[in-house]
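Visitor: Sequence:
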Amino acid sequence: MITNILTLPKFSQGQKVVFIGGEGIIKNYRPESDSWVYLVEMPLKQQNIDRVGYETMLWLSESDLQQISLA
Numbered sequence: 001m002i003t004n005i006l007t008l009p010k011f012s013q014g015q016k017v018v019f020i021g022g023e024g025i026i027k028n029y030r031p032e033s034d035s036w037v038y039l040v041e042m043p044l045k046q047q048n049i050d051r052v053g054y055e056t057m058l059w060l061s062e063s064d065l066q067q068i069s070l071a
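For the record, in the sequence shown the residue sitting at position 45 is 45 according to the working numbering, with numbers rising by one throughout.
Don't read these hints as lab results, they were simulated from the structure. Just so it is clear, the structure is predicted and the values come from calculations on it, not from any experiment. Certain hints may be false.
To be verified - Using C-beta positions, here's what the derived DEER-type ranges look like:
(1) S33 - M57: 16 to 22 Å
(2) L44 - L8: 30 to 36 Å
(3) P43 - T7: 17 to 23 Å
Note that beta-carbon positions come from the ideal geometry of N, C-alpha and C, so glycine has one too.
Given only the sequences and the hints, what does the whole structure look like? Please build it.
Guide: Here it is in structure tokens:
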């Protein structure tokens, strides 16, 4: 019998993160393939790109995200 233990999520709901292509806020997360994926909501207008509705939310893997530093 194989036991798979998933580590705790690196990010939490409401946390601001950056990734290639923008920044956003973690809205939700779920385990997937021995890691975590996060539902990230982006601001409606960013870098001259207009987004509406569900286009402002996307699922990203933990390895694609970085915490915003407050420096």
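Visitor: Against the structure shown, which of the earlier numbered hints fail to hold, in ascending order?
Guide: Violated hint (a single one): 3; every other hint is consistent with the structure.
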